[in-house]
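> Single-letter residue listing:
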Amino acid sequence: MNYFKILAFETSCDDTSVSVIDSNYRVFSNCISSQTKHEEFGGVVPELASRLHLQNITWLTQLALEKAGTDLVGIDAVAVSINPGLIGSLLVGVSFAKGLAYAINKPVIAVNHILGHLYAIKLDYPHLEPPYLALIVSGGHTELVYFSSRTEFEIIGRTRDDAAGEAFDKGAKLLNLGYPGGPVIDRLARTGDPAFVAFPRGLDRRESNDFSFSGLKTSIRNYLSDKDGSFISEHLQDIAASLQAAIVDILIKKTLRYARQQRIERIVVAGGVSANSYLRERMQKDAERTGIELFLPALQYCMDNAAMIGAAAIEKYRLGDFAGLDLNAFSTKGLRLL
Amino acid sequence: MQGIFIFMEIEIILKTKKDTQRLAESIARQVKTGDVIALYGELGAGKTFFAQAFCRALGVEEYVSSPSFVIMNEYAGKFPVAHLDLYRLAAEEEIYELGLEDIMEQRVTIIEWPEIAQNILPLQTIHIHFKLDGDIRIVKLIRT
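In order, the protein sequences belong to chains E and P.
Heads up: the first sequence is residues 1 to 338, going by the working numbering.
Heads up: the second sequence is residues 339 to 482, going by the working numbering.
Worth flagging that the hints you see were computed from the coordinates, not collected in a lab.
Treat the hints with care, since some could be wrong.
[Said to hold, decoys possible] Listed next, with one range per pair, are the computed distances between beta-carbon atoms: (1) R150/E / D471/P: 50 to 60 Å; (2) H127/E / K478/P: 52 to 62 Å; (3) E265/E / Q368/P: 36 to 46 Å; (4) I454/P / I232/E: 25 to 35 Å; (5) T290/E / E380/P: 35 to 45 Å; (6) Q368/P / L128/E: 45 to 55 Å.
[Said to hold, decoys possible] 30 Å max Cα-Cα, derived DSBU-like pairs, lysine-lysine: (7) K227/E / K355/P; (8) K173/E / K355/P; (9) K173/E / K469/P; (10) K227/E / K370/P.
Built from N, CA and C at the ideal position, the CB exists for glycine as well.
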């Protein structure tokens, strides 16, 4: 019971990922379909079709075990993300994990995908313990969660419409910068003036800890409507920096405001958008100024991956919180499990 | 009116968010399980805002956030509600994989970016086109 290894699966959206991790949060392998070349499929980046998860999951499992230098005999439990996400995709992971667990007679651990993002921080800081405030920002999520203990948490705020990562993607789309938008805006913004355009900060003046990013799209559209092409290309860096600032400023402001109000001394940022360099730098600077300790996951654990699902499963394994073989996936949002 | 083929097309000007809410509420009062609302328009045209107001009018209490990333969110209101965004789907085949036909049969379904699903939408779909013109929104409502 003290030392164990977990084989973890993540199939909630576009990527199929399989990882082997041990009870000390040591990652032996963390294979992700879009990053891994496979001879037969030529490194296909899976689209939304669950069929592609189905094509990827077997060889990725073999690869993850191989890289970890183990086989199924060395696995003590199987973990899988069960919500939220695209239902067909989730079901591939859940069904595969259940079948495999049944075959090797080991327990299945059900993991909430958002909780997985939160536990990604344990892969770099295995000894980090609550209480802390966590900001989870990705293409599909924007949530502010307070962890008072290992098993107790409260959702403090969330987006009322678009997720922060979605705001990057859709902003980039309006600027004809392609998909995904986060990395390209991050890069352009480095040489731009974030005060060039005053894009609105959603729900800024309200006391609420919720976020809103959908008004930003309309405001970008209106801003661009009377500008000609040469003005836009000349000031592309400035516009990108202004857009990025509109998203990031409000994330930082609301997170730090709540931390100060509640005298919370530690903040964790997780999810795909936590890879944004402006968010990382600004958050670090502002947190330091207020005497708050900031924890950021390594870039490789910001995006969707199975190692974080395994990390979240460790605690549940210790608690003996196993799922039955009637476990099902569901698409609904929210943090229900722990 | 059952059994009578009705084709309706009207244009409405929405000046404020309140106007959008009123439109959403009046449509919500008329729908039942199996009905489909298809929302068209560019980014920022107001589709998600309409969907939020529509869901609230159907008694959904949760926040209705954008389904762009996960493709579909489900809610429990007066009827089961499915809110979809097909923007990221590349092929019609993927819609079948999603099980859209079954979803639509058992719920009130709102679909953003429905262009790719034209062959699958039921005949009596309510199509709503949003167009942003300065501060006002011009909405074309087509019921086939």
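> Now tell me if each hint is right for this structure.
We went through each hint and held it up to the structure:
no., hint, result
1, R150/E / D471/P: 50 to 60 Å, "53 Å, holds"
2, H127/E / K478/P: 52 to 62 Å, "59 Å, holds"
3, E265/E / Q368/P: 36 to 46 Å, "53 Å, violated"
4, I454/P / I232/E: 25 to 35 Å, "29 Å, holds"
5, T290/E / E380/P: 35 to 45 Å, "40 Å, holds"
6, Q368/P / L128/E: 45 to 55 Å, "53 Å, holds"
7, K227/E / K355/P, "26 Å, holds"
8, K173/E / K355/P, "24 Å, holds"
9, K173/E / K469/P, "18 Å, holds"
10, K227/E / K370/P, "44 Å, violated"
Checked against the numbered hints given earlier, the structure breaks hints 3 and 10 and satisfies all the rest.
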